[in-house]
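There are 4 protein chains.
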Amino acid sequence: MKSINVGLVGISGYAGMELARLLTAHPAMRLTLACSRAEAGKRLGDFYPFLRHLPGADVVISVFDADEAAKKCDLVFMAVPAGTAMRLAPPLLEAGVRVVDFSADFRLRDAAVYEDWYGAPHTCREALPRAVYGLPELYAAEISRAELVANPGCYPTSVILGLYAALRNDLVEADGIIVDSKSGASGAGRKAAVPTLFCEVSDNFRAYGIPRHRHTPEMEQEVSRMAGVDVRLQFTPHLVPMNRGILSTIYTNIKKPGLTLEEAHDAFARTWEASPWVRVLPAGSLPETRYVRGSMFCDIGLALDKRTGRLVILSAIDNLCRGAAGQALANANLMCGLPVETGMEHLAPLA
Amino acid sequence: MKSINVGLVGISGYAGMELARLLTAHPAMRLTLACSRAEAGKRLGDFYPFLRHLPGADVVISVFDADEAAKKCDLVFMAVPAGTAMRLAPPLLEAGVRVVDFSADFRLRDAAVYEDWYGAPHTCREALPRAVYGLPELYAAEISRAELVANPGCYPTSVILGLYAALRNDLVEADGIIVDSKSGASGAGRKAAVPTLFCEVSDNFRAYGIPRHRHTPEMEQEVSRMAGVDVRLQFTPHLVPMNRGILSTIYTNIKKPGLTLEEAHDAFARTWEASPWVRVLPAGSLPETRYVRGSMFCDIGLALDKRTGRLVILSAIDNLCRGAAGQALANANLMCGLPVETGMEHLAPLA
Amino acid sequence: MKSINVGLVGISGYAGMELARLLTAHPAMRLTLACSRAEAGKRLGDFYPFLRHLPGADVVISVFDADEAAKKCDLVFMAVPAGTAMRLAPPLLEAGVRVVDFSADFRLRDAAVYEDWYGAPHTCREALPRAVYGLPELYAAEISRAELVANPGCYPTSVILGLYAALRNDLVEADGIIVDSKSGASGAGRKAAVPTLFCEVSDNFRAYGIPRHRHTPEMEQEVSRMAGVDVRLQFTPHLVPMNRGILSTIYTNIKKPGLTLEEAHDAFARTWEASPWVRVLPAGSLPETRYVRGSMFCDIGLALDKRTGRLVILSAIDNLCRGAAGQALANANLMCGLPVETGMEHLAPLA
Amino acid sequence: MKSINVGLVGISGYAGMELARLLTAHPAMRLTLACSRAEAGKRLGDFYPFLRHLPGADVVISVFDADEAAKKCDLVFMAVPAGTAMRLAPPLLEAGVRVVDFSADFRLRDAAVYEDWYGAPHTCREALPRAVYGLPELYAAEISRAELVANPGCYPTSVILGLYAALRNDLVEADGIIVDSKSGASGAGRKAAVPTLFCEVSDNFRAYGIPRHRHTPEMEQEVSRMAGVDVRLQFTPHLVPMNRGILSTIYTNIKKPGLTLEEAHDAFARTWEASPWVRVLPAGSLPETRYVRGSMFCDIGLALDKRTGRLVILSAIDNLCRGAAGQALANANLMCGLPVETGMEHLAPLA
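Protein chains in written order, with my numbering: chain A, 1 to 351; chain B, 1 to 351; chain C, 1 to 351; chain D, 1 to 351.
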């Protein structure tokens, strides 16, 4: 397999850490550049001791420089905050380097929506038309031709995959959907801050960021597209005292009169039968985040409540792997002409 | 203060353990009887080492005997499974012993509803009319006259208290309410079972028991009563990798056009201003389970989403204290003519 | 009971938080001053939401000022870092305010030892002779006469109490003692820092600070005193993924030939029989940190290994209550002429 | 690569679960048999939902039958309790099936030692001489010729690897070694039992099984062998509220006068330089269990205390992978003529 040189900007966060882990097992991609202003000068294997003795350990962390990146990399992963990617990506794209961006900068097709929800001007509107939303199950063809992929947010990944079969098969109303999501603490990032200290998170549970969490418009954009109408979602994220994992509990109103659990299950199963990573659980089984830990799987379970006329969809992913780094790697695989699963074929969950 | 002799049947579960803890600080109640078939013969301080050197440690656990209980106790707490309480309570009541029952046996006023949800015959229908639902904020007067109090379930406590001000002030519709609850693992009880082993719960998150969790009819009964109409709730419980605490995220549709967060908050604050234990958080603040850990507090926070027309109510309690043993003790206080807070006036949360 | 006005400097850390909790239940002490430079201006009940509706919630946090403190307080607790207390205490003492200091500044009788282990000059040597080491079981008389009490470190508290009976009864050698301690994450403080983020601590275990942790000389000072000879300890602290608690596993060489577990246990039990808080567990039982959570108890268990000739002593405390704030309160009780247990008589562990 | 058919007896425990995970990525081994009396009849992918869509998911769990195993398998892993393996292994060996046994039945060369520590007769003494202790770093040649490999215990693996370089290089005394080990809860197995429930383990820390934990003679056997003299170890295991991982803190007395940390570190580094899995950390760095989670690595760190004359060795492994299933797989690789790392070359820790 031809070697592909990749760079990673923003090595010090959890998504960067996870990508470094996944790349150790990739048969074609080679990490040739790892950037972090704060950690520049350290060997990756010293900064992340779990990498010692593994591929990539010897890379020396450096400060990002577009020219150097263009020389050393065929593709660059950008695990940087919103606002930074729109500044760093253009010179890379111009130099012919493909980019997978973890931030929200290129996810929203409408810059005005970005500016409304992120409270800052969008300074790279010209790149938006060529950015592809990187959910491989929905946009594989577009991704494989893309130069710039906007890697989806973690919550949106769980919600879009969860709702897809229900809306596509016209089982439920596009109106009145409520998404109650729960995430492990790695979703809050690796910045030193009191609210994410161990003693503040452990043995505790809370909601946050409501009613205007920034992942809302991203979900609405994609769900509207699949529903064919403008959709408004009620979205409430919560913080779970665990490292990894997202479970989204999605409340929908049944559209099809008399729909049974078995019918709903069959529609889901048919829709996803060719997908390696979306696992529709047997009727009666519910997903658990541990069963997808460290993997690309999205586990979906269903409950149908005849008393209330609702279909409750439960969708579980690993927020760092499927919700960030793994999905980015899948996108990069497609962009490089590799099978989407390359390097992750046997990524069994660490149960 | 005159000494009141109390018994506790079902000492080996988490609710029994919690009550034993709370009784150590009670100025009037004295534990004179502790029953558990499996642990009979052990000193309470040996079975629960945290009790050593504290009041109650010397009580020897015994097998329940109604006559003995009647001799030794003015009041008996029954922390036993559904189905058992309806068998044990009658002889006690007949002997003039007051009973606070932790199980569901006397919570549902309609025995047919019990039989539908619990899948077993109700064998003590004659006691239902004199059973009082033990939520002190709603039924203090009835409780103080009661011989038999049905201590509320943990989830219902958080949901009923969360919804009360919204429905009483006519802020929201009684229709279409969705309750997404999350509980610590002590809610699953202290029975040896693989699904509640540490390694099965830790770093994991999942829903369970949907769409027909047994706490649903109990919530519906009380919420219907306060709404003045028959209410159907969508209820989804989840298991959080933490010991204690419940957070209920309650989705309601705003009834009053143009309702603002401030108005909603003021209505809640006014409704609860005389209550020692229900704390309405300042607008913008959200409750966290750690802030009520080990206490009787119910913390309530609000979010109002103009985009969707919903008021989201978040309600946090400690499932073992407020959701079980502490509430039982408050009920017992009322039944014995003591102030409701007796022994728990300064029960600061263990943050 | 006459009201005693107390101040707390350093409200924003975990020890300060714990003291605020404990004071809510104290019948005589009233919090009249709470200081924190970073949080000045906030109501205590807003900064610590668990305090709402409880005594102390209305205190407004202020910047420390010695004159104000002297006016408002009979006694001041200083939960500040090493180096700060020696600067803030002198003016308070001069103004006749009693001080309980949580830091190491006044724990070591020899300033040279302080300077060696803390790597900084001791700027308040003149106060050392009148500082009393605040371990109530050992120094109750001195504490009750003291103006300045040096509240012991968390690890030393567990180790000194653990070793006391063994050395006083001449059961073990003073030489060759190894202390392997494990602490919950609150011991690392409440400063925003990556190594104490939830995801760095959770599902992880590690040692730190060896071989020269700063609590070593403090243990050696007190253990030497009780042994009557100069003692060198091997001390290794570890970080446990839990909020609270310290367990110290202490390896000692048996001095008395043929010593049995029963003899050792009896000697421990006799030594501590009058102490309300030191609980010597029955022979064969081992302490667990959960059984002392949030309390003043120190639970001690023993194992005697005939094969190796060692007595292994296990000692468990709550690092925030017994290891910091609770012990400070006990000292303050003694300094104010109150029974040592005042306000903590019924502080049952939150098991 | 030629396909090798393997069986797994004892699928329902954590070690069996871990082996099932690892086998999904093995290029040559194919799981053809999975046995569990209690779970017989279920598809492996239904019993362990994390396995769905992965190799092995379709295997139907069966009750163990030696003839069937001999027909279906080239090699059988036995993840069964002590006492069972010595009953099941002989017919397999007779039929020419190689066996890797996870239990203690064949680890101790002296059956009398087994009987003393396990309190039961050894009923298969004749197999002991041909059993090889399966620590690949020490016995690779013997393992590759073996028909029966006794897979080491989790604690012994961490301790033997930790001590090896120190004793082989004559840095420390063989006398007076103290091993203070800490393990995640998966080490306690997957049996339904109250002491390993989430609420009993979470936010708690305790020692157990002292002073006669059964892993003691196994460590002593191997450490004696490498030291060349009979060694007695003081061993204390503790339970950490985490899923996976063991950290052993090993106290040794320095033998070589004037030994420096650098010299000790160099000796360790030299000893292990050819080993893919033993990682000697840079002087000053200490191991953490998270950095080896789910991997075969054994991370070793050192601290040298001149004040006490001790070298403290810290050794971290994943108890389920390196301490059980992964090590078994490495042994099986050797027995089948494959490179020891096969299938685990890129097993990056899930940090």
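If you're looking for bench data, these hints aren't it; they were derived computationally from the structure. Here the structure is a predicted model, which means the values were calculated and not measured. Some hints could be false.
Since copy identity is lost for identical chains, a pair holds within one copy or between any two.
Claimed, not checked - Derived lysine-lysine pairs resembling DSS-like cross-links, with alpha carbons at most 27 Å apart:
{"id": "1", "residue 1": "Lys72", "residue 2": "Lys42"}
{"id": "2", "residue 1": "Lys2", "residue 2": "Lys72"}
{"id": "3", "residue 1": "Lys256", "residue 2": "Lys72"}
{"id": "4", "residue 1": "Lys71", "residue 2": "Lys2"}
{"id": "5", "residue 1": "Lys306", "residue 2": "Lys255"}
{"id": "6", "residue 1": "Lys42", "residue 2": "Lys191"}
{"id": "7", "residue 1": "Lys191", "residue 2": "Lys255"}
{"id": "8", "residue 1": "Lys71", "residue 2": "Lys42"}
{"id": "9", "residue 1": "Lys306", "residue 2": "Lys42"}
{"id": "10", "residue 1": "Lys255", "residue 2": "Lys72"}
{"id": "11", "residue 1": "Lys255", "residue 2": "Lys71"}
{"id": "12", "residue 1": "Lys191", "residue 2": "Lys306"}
A quick look at each hint next to the structure:
Proximity of lysine 72 to lysine 42 under the C-alpha cut-off of 27 Å is restricted to the intra-copy arrangement: shortest distance 18 Å within a copy versus 51 Å between copies. Proximity of lysine 2 to lysine 72 under the C-alpha cut-off of 27 Å is restricted to the intra-copy arrangement: shortest distance 15 Å within a copy versus 39 Å between copies. In this assembly of identical chains, lysine 256 and lysine 72 lie within 27 Å of each other by CA distance neither inside one copy nor across copies; the values are 55 Å within and 49 Å between. In this homomeric assembly, lysine 71 and lysine 2 come within 27 Å of each other (Cα to Cα) only inside a single copy, at 17 Å, whereas the closest approach across copies is 42 Å.
Taking identical chains as interchangeable, the C-alpha atoms of lysine 306 and lysine 255 lie at most 27 Å apart whether they share a chain (12 Å) or sit on different chains (25 Å). For a Cα distance limit of 27 Å, the shortest separation of lysine 42 from lysine 191 qualifies both inside one copy, at 18 Å, and across copies, at 25 Å. Taking the closest pair of Cα atoms, lysine 191 and lysine 255 never come within 27 Å of each other, the shortest separation being 44 Å inside a single copy and 41 Å across copies. For a Cα distance limit of 27 Å, the shortest separation of lysine 71 from lysine 42 inside one copy, 21 Å, qualifies, whereas the shortest one across copies, 53 Å, does not.
For a Cα distance limit of 27 Å, the shortest separation of lysine 306 from lysine 42 qualifies neither inside one copy, at 59 Å, nor across copies, at 30 Å. Proximity of lysine 255 and lysine 72 under a CA criterion of 27 Å is satisfied in neither setting, with 53 Å inside one chain copy and 51 Å between copies. For the homomeric pair lysine 255 and lysine 71, neither the shortest alpha-carbon distance inside one copy (54 Å) nor that between copies (54 Å) is at most 27 Å. Taking the shortest Cα distances, lysine 191 and lysine 306 never come within 27 Å of each other, neither inside one copy (45 Å) nor across copies (32 Å).
In this structure, the hints that do not hold are numbers 3, 7, 9, 10, 11 and 12, in rising order.
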